[in-house]
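K.L.:
Below are the chains, spelled out letter by letter.
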Amino acid sequence: MPVTVILGLLLLPLLGVALAGPSATGEPATEHIRRTTRRWRWAGLTVGATVAAVAAGQDPLGRGVLLAAPLFGLCVLAGVVAGESRVVVRPAGAARQAALETRQVRHYLPRRPIRAVTAAAGALAVLLIATTAAGSADDLGRAGRSLAYDCGEFAGGSHGPWAGSFYSFPLALVVGLGVLIAALAMYRLVGRPRPQDPAGDLLRDDAERRRSAAAVTGACGVLVTIPLIGVSLFTASGLLSNPCRPAWWTATAWVLFLLIPAWTALLGWSAVAVLNPGPHADRPTPVPA
Amino acid sequence: MSAPTLRVDTQDPTPPYEQLRRQLADLIHTGALQPGDRLPPLRQLAGDLGLAVGTVARTYRELETAGLVRSRRGGGTRVADQAPASSADERRQALDRHAAAYLRQARLLGADQETALDAVRRAWPADE
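These protein sequence lines map, in sequence, to chains A and B.
Read in order, the letters of the first sequence are residues 1 to 289 in my numbering.
Read in order, the letters of the second sequence are residues 1 to 128 in my numbering.
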């Protein structure tokens, strides 16, 4: 509960800015966009690091540690949404213009990383469904916190902590919220109008949009991969702890172990993308209609 | 920007949907928009121009009625494969509209009739 309160208090200012109008500026349009989105991304990052640090120390049973990374990603995403909202300039004069082009989310997302993040999110969802279904109460009666096994009439036991409902429900809630905020961020950055130079000509700001999209992808990567690595490790060790485990439990545990380097590599890319989302040359510019 | 630009003047007596319809029809008839080219999504174009989505939707509806574009659910609005060619009368009307716009600009610059026509002659390629 304290984590929720802290998170709420820290996210409220960001969301308030997201709903407020754009900041006044006399800078060149694309430079203003770059600076404003970067500032808000870093504000989200700072808030996220604070929230993660506070969250990690909250729950002695490990839920705080589990939720720290997703909460960090959530705050970064909120920062991106706030930044994109600050740079929107609604057309207001009598003479208005728009480029005849089709801007779509796929024009800005980094292709391979977003596929990897989607795969990681799918893997996390499958893993959590399985561990939640297999979870049972621990020795103090806390539901979904251990893995019980039965090796015959007189032998049995349990292993914990296990990523049952005790951990998976709050994790799914935060990750789901993160996905929603990521969708909002992409909607904002694709939908905002092109900026204009002082002469009234439309300017290309695709590099700025790609930076924000890379930050969104990176934040989603952090949001998903850290819990995925943690849940994979605990699940694999839980499966191997059963002395009378079937062969497929052993195989599953090793598959989970073997995938960890891949998730770690994705986490590395995501962390870099959050801290320094550079332009991605492999993406085409929006196709003129 | 290299993409064609759509312009709307909210003080023009012509309704914005009609301004957009004319520009898009001209772009299709002149070949600037090819069969199969996708038009901007309704919400994107409405947001970029600060217009209501319904205004842009009406433009697209009128173009679809004229057989110039086709809309598909989930596939967006695209230029029709066999868009009907503009009639001589429509071409003349379009030319009149552009001439009137040029005339307004020339007057704003203080040019008289001969100066404005001279500018057109200079701009016209010599080999045509």
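Derived by calculation from the structure, the hints in this document are not laboratory data.
Source: prediction; values computed, not measured.
Misleading hints may appear alongside valid ones.
[What the hints assert, rightly or not] Label-pair ranges, simulated between beta-carbon atoms:
id, chain 1, residue 1, chain 2, residue 2, range
1, A, 104, B, 126, 58 to 68 Å
2, A, 191, B, 97, 55 to 65 Å
3, A, 271, B, 125, 30 to 40 Å
4, A, 198, B, 53, 21 to 31 Å
5, A, 60, B, 54, 36 to 46 Å
6, B, 30, A, 262, 49 to 59 Å
7, A, 93, B, 73, 49 to 59 Å
8, A, 93, B, 122, 50 to 60 Å
Note that beta-carbon positions come from the ideal geometry of N, C-alpha and C, so glycine has one too.
K.L.:
A separate judgement is required for each hint: does it hold in the structure or not?
P.N.:
Hint by hint, here is what the structure shows:
Restraint check, residue 104 of chain A to residue 126 of chain B: a C-beta distance of roughly 43 Å breaks the suggested window 58 to 68 Å. With their beta carbons about 31 Å apart, residue 191 of chain A and residue 97 of chain B fall outside the hinted range of 55 to 65 Å. For residue 271 of chain A and residue 125 of chain B, the hinted distance range of 30 to 40 Å is not satisfied, since their beta carbons lie about 57 Å from each other. Residue 198 of chain A and residue 53 of chain B have their C-beta atoms about 29 Å apart, which keeps the hinted 21 to 31 Å range intact.
With their beta carbons about 56 Å apart, residue 60 of chain A and residue 54 of chain B fall outside the hinted range of 36 to 46 Å. Checked against the hint of 49 to 59 Å, the C-beta distance between residue 30 of chain B and residue 262 of chain A comes to roughly 52 Å, which is consistent with it. For the pair residue 93 of chain A and residue 73 of chain B, the beta carbons lie near 34 Å from each other, so the given range of 49 to 59 Å is not met. Evaluation of the 50 to 60 Å hint for residue 93 of chain A and residue 122 of chain B yields a failure: the beta carbon distance comes to about 32 Å.
Hint compliance for this structure: hints 1, 2, 3, 5, 7 and 8 are broken, all remaining hints hold.
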